[in-house]
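With the first letter of the sequence shown counted as 1, position 74 gets the number 74 in full-length UniProt numbering; the numbers rise by one all the way through.
Please note: incorrect hints may appear among the correct ones.
Straight-line Cα separation of at most 27 Å, DSSO-like style, residue types lysine-lysine; simulated pairs [what the hints assert, rightly or not]:
1. K44 / K59
2. K57 / K44
3. K54 / K44
Please keep in mind that the hints were generated in silico from the structure rather than gathered at the bench. Remember, it's a predicted structure, so these values are computed and weren't measured experimentally.
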Amino acid sequence: MANMLAFHLMAEENKDVVSTDHGLDFGRLQGRVMMSGAADYNPKISWPEVVGLKVEKAKEIIRGDLGPASESNFVLIPEGSFVTMDFQMSRIRIFVDASGQIVVDPPPAVG
């Protein structure tokens, strides 16, 4: 496999597993992302438990879940804003209220 990580996507609705070395079928990403061979594998990609909390507290909880080796980039997005459809494993989008202080739905997620 020459240093390539195989990505496995497990869709919640039908539990099918999709593996690919060429690209990811993001339309089926409803469950969790697993990187085979990753030393610090963490299946969590969404944090619904932080909705309603202050942004700094939410970031603290997310960093705690991801571990110290995480190089996640937090992106604060005003509620109701449009976002790009590209997917980045290092990005965590956090939607915030008009004050920019409180996390709102949808929950923070990798992407």
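**OP:** Give me the numbers of the hints this structure contradicts, sorted from smallest to largest.
**Re:** none
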